[in-house]
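Visitor: Residue numbers (full-length UniProt numbering), protein chains in the order written: chain G, 1 to 325; chain W, 1 to 325.
Some hints could be false.
Some chain W residues close to chain G (C-beta under 10 Å, calculated; not the full set) [as the list claims (entries may be wrong)]:
hint	residue
1	31
2	41
3	133
4	313
Derived from the structure by calculation, the hints contain no laboratory data. In this text, a Cβ means the ideal position worked out from N, Cα and C, and glycines have one as well.
Protein chains: 2
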Amino acid sequence: MGEFDLIRRFFQRPVRRAALGVGDDCALLAPGPGMQLAVSCDMLVQGRHFFPDVDPHLLGHKSLAVNLSDLAASGATPLAFTLALSLPLADEAWCAAFSEGMFALAAQHDCELIGGDTTAGPLNICITVLGEVPAGQALLRSGARAGDDIWVSGNLGDARLALDALLGRHPLPPALLTTARTRLEAPTPRVALGQALRGVATSALDVSDGLLGDLQHILDASGVGACIDTSLTTPLIAAYADMLGSEAIFDRDYLRQCTLAGGDDYELCFTAPPQARDAVLQAGAASATPVTRIGCIEAHAGLRLVDAAGEPVAAHFASFDHFAD
Amino acid sequence: MGEFDLIRRFFQRPVRRAALGVGDDCALLAPGPGMQLAVSCDMLVQGRHFFPDVDPHLLGHKSLAVNLSDLAASGATPLAFTLALSLPLADEAWCAAFSEGMFALAAQHDCELIGGDTTAGPLNICITVLGEVPAGQALLRSGARAGDDIWVSGNLGDARLALDALLGRHPLPPALLTTARTRLEAPTPRVALGQALRGVATSALDVSDGLLGDLQHILDASGVGACIDTSLTTPLIAAYADMLGSEAIFDRDYLRQCTLAGGDDYELCFTAPPQARDAVLQAGAASATPVTRIGCIEAHAGLRLVDAAGEPVAAHFASFDHFAD
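Please model the entire structure based on the sequences and the hints provided.
Guide: Listed below in structure tokens is the structure:
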């Protein structure tokens, strides 16, 4: 199977919205009138972002999901994406499963593959996603104001729990591993929530490197500080413990590390003024996405952690950095 | 140097045209009124597209150049690009040189870096480029008609000559190697020519895998055949031989292979009706780009090669395929 056969068989599908899709030098696309184009790009590298033996169907899903998550964090509606794929071999079974996983998620979001590149080399998947958002309505990192609530979607920490279990660092009962592993390998991009938060949230981003590190980007861009109630950031863990009839299955500090600095969550963290609480809850309900209020933005710089009683919590959690010493 | 330091120091620059550049979840961009967005994506892998010891300044140039070449082939005006970079190490000197080479070419084309991704891993560079073209005026592969002339810009074969010399497959005198190597390592995307050909050319693409293989894409997409005068496709080689006062420095078949199936040329191959010959020459002059008429489109399928006397030339040249057996 040659390069062009591979593209035709697994990656070329008719486009409906784009003016021109895969197969020419460029694809052609036009955002709607009054719309800005939202553009983001994520690269996944074997051994760094996924295990060599990962299910290619799930990998296809995740490669697109992490990009759609960036559109979600901007409140944009997905339009199209390009895929650049470096593959050691033109493996038909792998390509079939990968493309199925990718296209299944793409179909859910009416997001079209419009172009890309295929080359031989170490397994590397680079997707650039294009969305549209009404001009001036994108959710940015720079809009948080003192007094705003801080919210997160869904649950944090599951992906890290799964990763540590798969690496043999921490035991995880099989029933929990299955659930956690799905969250690691097939995250759900919060696209509908992001769109519902336009005009409601003052800032937003997606949590990919860990909550504390990512929230700090909002604080830096907005010139503010924050206080987080760490007892509110562990809803999934609590649910897990309930399922097992025990709260003591994990060390409390370890759980806190997973939820505050776990990474690979692909949940949205966003801010909104207190008078918008009902609107936020409605946005969550309308998009069938749980949302939890976990803290508030403060005028002075810095990120404070407290427990349920308001007492300070010490934190020494490192956010993920690809080139950290 | 951590991931975000690296991005800030080498890859974050203020944007002028985009509404939002590097540093948020998505960049924001709007093509002008009546414009379609042209999107293309190329991935460069170490050991496959470039030597491990290549000058990073040149690599930065080439990584963007091969993408701009796709915009050129569509007749689009560059707007912006994203860069996803997988790096074994956060090497400051390498990043500085790479980004300088890339931004120097970007500045020439007023094309902004608006986002991307940085990760640790085997050296891999993935750029997605965005341009704009008046709706309906993009140069496609599907527009060639029987009777059209076939043209190429610049010269073909230099990059292959350089590659073979660097691999020790074929000797090349130092003066020629310097010139040829520049064409391999720092190709010139024919952006101005592509724009000048809007409304003139009936089809176009950029020659990256070799003339014959790439021209076949036009023939397939347009449902036509072609006849090429192979004596017209070796202008650079002839110039080289003249420089050395000898025409016999290379085997004729080898030269033909370089020009017809060399690859990495990043010249434009395009078609236009005979009555547009003056317009094509004017487009070449206006963009300071040599253009050469090398054949014509025929109604029946197939790609025929002839010599200057019109006699058939046998060809067994393979175009580049990343997964060919």
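Visitor: Now tell me, hint by hint, if it's right for this structure.
Guide: Cross-check of the supplied hints:
1. The criterion of a C-beta within 10 Å of any C-beta in chain G is met by residue 31/W, whose closest approach is roughly 7 Å, and the hint holds.
2. Evaluation of the residue 41/W hint against chain G yields a held restraint, the C-beta minimum of about 4 Å falling below 10 Å.
3. A distance limit of 10 Å between C-beta atoms decides the matter here; for residue 133/W the minimum to chain G is near 7 Å, and the interface restraint holds.
4. Below 10 Å, beta-carbon pairs count as interface contacts, and residue 313/W has none with chain G, the closest being about 25 Å; its hint is therefore violated.
In the structure shown, a violation is registered for the earlier hint numbered 4 alone.
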